[in-house]
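**Q** What follows is the residue order along each chain.
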Amino acid sequence: MPDKQDVKQGTLSLMILTTLEVLGSLHGYGIARRIEETSKNRLALNYGTLYPALLKLEQEGFIAAEWKQSENNRRAKYYALTPAGRKQLARERREWHQTADLIAAFLAPKREA
Amino acid sequence: MRQLREALARLRGAFSRTDRDAELREELEAHVEMEIAEYIRRGMDPQEARRRALLASGGLTIATESVRAQRGLPWLESIAADTRYAVRALRRAPAFTAVVVLTLALGIGANTAIFSVVRGVLLKPLPHRDGDRLLYLRHTIEQPGGPRNVSFSVPEVTDFRNGAPSLGGIAEYSPWFDILQGRDVATRLDVGLVTGNFFDVMGLSPVLGRVTRPSDDGAGVPPVMVLSHEFWKSHYGGDSAIVGRQVTVDGRSVTVIGVLQPAPFFPDRADAFLNMVTSPHHLSALMVANRSHRMTEMIARLAPGATIEQARTEVAAVEARMLREHPDAYDPAAHDRIAAVPFKEALGERARLTLWLLMAAAAFVMIISVANVVNLTLMRGVRREHELVVRSALGAGAGRLRRLLLVENLLLTLLGAALGVLIAAGGVRLLTGLAQRYSPRASEISLDGTVLAFTVALAVVVALLLSFVAFLPSDGAFAAMISSGLHRIGGGVRRQRLQRGLVIAQVAVSVMLLAGAGLLTRTLLRLSQVDTGLRTEEVLTIPVPILDPARVTAAADAASKQQYERMRREIRALPGVRAVGLGSTMPLRASLLDFDLNVEGRANEVGQPVPHADFRTASPEYFRAAGIPLVQGREFTDTDWSGSQRVVIVNRALADRYLPGEDPIGKRIAWTGRVLRFTPVRNDWRTIVGIVGNTQDGGLDARRLAVVFAPFTQEMAMLGGIVIRADSNAAGLAGAASKIIRRIAPGVPVENVLTVSQIRDQSVAPRRLNAVLLSMFGILAVLIAAVGIAGVLAFSVSARTTEIGIRMSLGADRGQVQRMILREGGVLLAAGLVTGTIGAFFSAGLMRGLLFGVDPHDAATLVAVVLAMGAIGVGACWIPARRASRIDPAITIRQ
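Heads up: the sequence lines are chains A and B, in that order.
With my numbering, letter number 112 in the first sequence gets 112, and the count goes up by one each step, no holes.
With my numbering, letter number 634 in the second sequence gets 634, and the count goes up by one each step, no holes.
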């Protein structure tokens with residue numbers, strides 16, 4: 001098994017928001033699985049990282065939590081995007097693309113001799 | 001926005017813990033369950049699945065902790081934990097806590113109370129708009145016995161208006177009194193006659209109606225009155241319908257135009273302010289044109305951009321020109337001096353010395369209490385060393401331990417401060433009474449936010465101090481402790497030196513406080529020994545001002561004298577009355593009239609101050625009623641009437657001062673001076689027919705004045721009052737006598753009905769309060785210091801138990817041990833006594849102004865103080881010394 005990476009600071013909230021945008025309402029386990037799968041198991045997401053991040057997003061008002069029955073009939077806490085969260089996601093996504101372009105430009109092989 | 005939402009959510013989180021923890025646990029468990037289900041679905045056996053799931057979680061406890069950290073405010077929670085711990089620790093040491101809190105409460109309470117007074121009276125910004133720009137102009141002349149404030153005449157005010165442009169506005173204020181005639185009662189009003197610009201210059205506004213303005217100046221304008229806030233409240237019950245009402249003042253109808261904002265009275269107490277037109281005298285040519293007719297006080301506002309130095313230069317120039325151009329109005333012997341004093345300073349003048357003395361005393365008490373608390377904390381620190389070392393070995397860093405101590409100390413000092421504020425609240429009421437005698441700003445004293453901030457700051461500073469004198473275990477202390485078999489370790493010498501220094505300081509400061517208290521107490525004793533010159537047993541005095549001094553006519557004078565005579569006869573007939581006298585001024589009261597004097601056969605030398613005396617009138621029975629002894633000659637008789645030869649009785653001080661070595665009887669004196677012609681008093685020669693004993697008028701500490709008594713019937717009945725001597729209980733006559741007076745003169749206010757001993761007490765009261773306060777501080781200081789000495793020695797004994805046990809088993813007897821401990825304490829005590837005596841000797845000079853009849857370096861006081869402190873100190877050493885001598889060597893060594 002290849003070494004798993006820890007999540008980079010600041011990227012986790014973007015991952016969580018994207019996950020919730022794609023899958024709608026989802027519990028913590030579901031979010032973790034989805035992020036791990038999307039990263040092709042290159043990311044390890046332990047509870048100590050995930051749950052504080054979820055709580056912070058909730059405190060910031062970007063996601064809302066609600067207790068519901070899960071598919072296998074267990075009570076679980078489901079998170080969903082709020083309208084503010086949608087706006088925040090759009091903003092973060094834009095910023096991320098800008099940052100990525102910028103970094104890519106710096107990292108690109110230099111053409112000048 | 002986003003941060004705000006998060007912060008609010010965190011704040012909510014900080015104050016709700018339990019249910020959210022349960023919820024979190026359920027959420028995390030659900031996660032684990034789902035994970036396990038997933039592993040099982042993939043074919044893992046349940047046990048392995050659970051193991052893998054928990055492994056992947058990264059630890060549920062860690063997760064819980066990090067969620068908690070995100071949820072609430074971690075620092076708040078750790079402070080809460082520290083506080084809980086501190087409360088528990090303090091509860092385990094109730095005696096320590098009680099002593100520390102109480103000691104601090106006394107120190108903080110004293111400081112809070114005195115500071116609130118200092119702030120109210122001296123420091124608070126004036127209620128006047130830009131009060132710092134106000135100047136009081138003081139005109140003093142030299143007189144036998146000291147300088148005297150003589151105020152200004154209208155021509156002089158005009159000189160300053162024209163000659164000092166940096167005085168942007170000059171307000172005139174003439175102290176006066178009027179009678180306010182109500183439907184049933186008459187009230188004496190202390191008033192200020194003011195120019196229209198007075199309030200504008202002073203920067204004061206009305207709370208109701210309007211204040212005077214320049215159009216209220218001059219003759220022919222309607223008479224108007226502005227009420228002081230205090231008088232409006234006390235006399236009119238704060239009636240807001242008062243504006244526009246017509247009231248009768250001295251028989252004239254005056255319109256109340258407004259109520260002034262609360263403001264300190266200066267230069268005098270005033271119930272109301274009236275425009276000049278209300279006093280015909282103030283519009284007379286005499287007042288307006290005569291340079292020597294000084295009845296006006298000046299308060300000026302600095303012009304924009306002008307500095308006080310400029311103003312002073314200009315005032316000096318104007319003064320020089322006045323003296324040059326009007327030599328007739330300024331006696332060179334009087335050495336006229338005009339000074340511009342910042343208004344705020346003038347207001348605080350009389351209170352300043354007393355208040356700073358009390359503030360210093362309170363600060364001293366604070367020093368002693370803090371020293372004691374530091375000592376207690378140091379001792380406690382030694383007992384806790386073990387605990388602190390263990391905590392640091394378990395991973396608490398120095399910073400964390402320091403914070404723990406700080407929280408604990410803050411808890412202690414804030415508790416002390418809270419209790420101190422309660423003490424101060426009681427003290428402030430007492431002190432306001434004191435301040436009222438010294439300062440017109442006493443009503444501004446309160447325990448307000450600034451004062452409370454001062455108190456809290458004091459508590460925090462003390463807490464910081466306590467936390468940083470404590471010795472924390474250094475790195476490796478744990479190892480050292482283990483290797484030394486868990487015995488006591490830690491900063492012995494440094495701590496001991498600090499403790500001893502603190503004890504010395506406590507003793508020294510106590511000595512200084514006691515010395516101050518001793519001097520004030522001696523002052524009080526001296527004052528109580530002052531002979532008033534009266535046989536004071538049962539004498540009642542009732543001022544009865546029938547005549548308006550501004551409008552005395554011969555007819556009014558004759559009528560008033562008839563009224564006085566009727567009152568005298570009727571009061572004389574009351575049961576128990578032995579003598580009734582009539583006079584211009586009541587005994588022991590300062591006279592309101594005093595003039596220069598010509599003594600027959602004695603030339604007034606140029607450059608020497610002119611003889612000067614109080615002027616009083618007295619009826620034949622006055623001296624007997626007041627208890628003033630006749631020394632020589634005769635008293636007045638009924639044959640000294642208005643048509644007979646002009647005679648006077650002088651006091652012994654006048655005879656000694658101006659007729660030394662001669663027989664004064666038969667000598668003649670005459671009033672003289674420029675002021676005389678503004679009064680009904682004539683300057684003809686009067687023959688001395690008697691000499692009476694000196695009386696201590698105007699306060700027990702007032703300088704003794706030369707006094708001339710004229711027969712009541714030979715002078716205008718100005719002011720006036722009745723002196724009643726009774727067989728017993730003179731105060732009990734007040735009701736009956738007042739009734740007679742009200743019946744005969746219904747429009748006259750009957751106020752200040754006091755026995756002679758009450759007048760006497762009034763004049764001592766402020767000093768008594770001073771002495772009581774400082775003595776309280778002194779006693780407090782000594783008690784705390786005694787506890788300090790005993791505590792430090794006791795601690796030293798307990799730390800040396802083994803040593804003492806060894807000494808005793810090697811042959812030292814109980815006496816030797818006792819002496820050893822006594823010597824240890826004695827050295828500290830002696831050092832403190834010496835330091836304190838030196839300090840007291842050098843600081844006592846500052847108190848000179850508060851003393852009477854006692855030298856600030858009074859040896860007897862210092863010796864007594866040192867002996868008292870020494871005795872108490874030895875007593876305090878005795879207790880631990882005895883304990884040391886009772887140590888059983890057999891037991892201590894085995895330990």
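Note that these hints are calculated values from the structure, not bench results.
Just so you know, not all the hints are guaranteed correct.
[Said to hold, decoys possible] Pair ranges (Cβ atoms, derived):
#1 A:42 with B:77: 30 to 38 Å
#2 A:84 with B:25: 34 to 42 Å
#3 A:42 with B:87: 46 to 54 Å
#4 A:84 with B:425: 46 to 54 Å
#5 B:69 with A:21: 25 to 33 Å
#6 B:380 with A:42: 38 to 46 Å
#7 A:42 with B:38: 35 to 43 Å
#8 A:106 with B:464: 45 to 53 Å
#9 A:106 with B:8: 38 to 46 Å
#10 B:69 with A:84: 18 to 26 Å
#11 B:48 with A:106: 31 to 39 Å
#12 A:84 with B:29: 25 to 33 Å
#13 A:21 with B:2: 55 to 63 Å
#14 B:129 with A:84: 47 to 55 Å
Note that CB positions come from ideal geometry on N, CA and C, so glycine has one too.
**Q** Each hint needs a verdict: does it hold in this structure or not?
**A** A quick look at each hint next to the structure:
| no. | hint | result |
| --- | --- | --- |
| 1 | A:42 with B:77: 30 to 38 Å | holds (36 Å) |
| 2 | A:84 with B:25: 34 to 42 Å | violated (28 Å) |
| 3 | A:42 with B:87: 46 to 54 Å | holds (51 Å) |
| 4 | A:84 with B:425: 46 to 54 Å | holds (51 Å) |
| 5 | B:69 with A:21: 25 to 33 Å | holds (28 Å) |
| 6 | B:380 with A:42: 38 to 46 Å | violated (58 Å) |
| 7 | A:42 with B:38: 35 to 43 Å | violated (19 Å) |
| 8 | A:106 with B:464: 45 to 53 Å | holds (50 Å) |
| 9 | A:106 with B:8: 38 to 46 Å | holds (39 Å) |
| 10 | B:69 with A:84: 18 to 26 Å | holds (24 Å) |
| 11 | B:48 with A:106: 31 to 39 Å | violated (47 Å) |
| 12 | A:84 with B:29: 25 to 33 Å | holds (30 Å) |
| 13 | A:21 with B:2: 55 to 63 Å | violated (18 Å) |
| 14 | B:129 with A:84: 47 to 55 Å | holds (51 Å) |
Comparing the model with each numbered hint stated earlier shows that hints 2, 6, 7, 11 and 13 do not hold.
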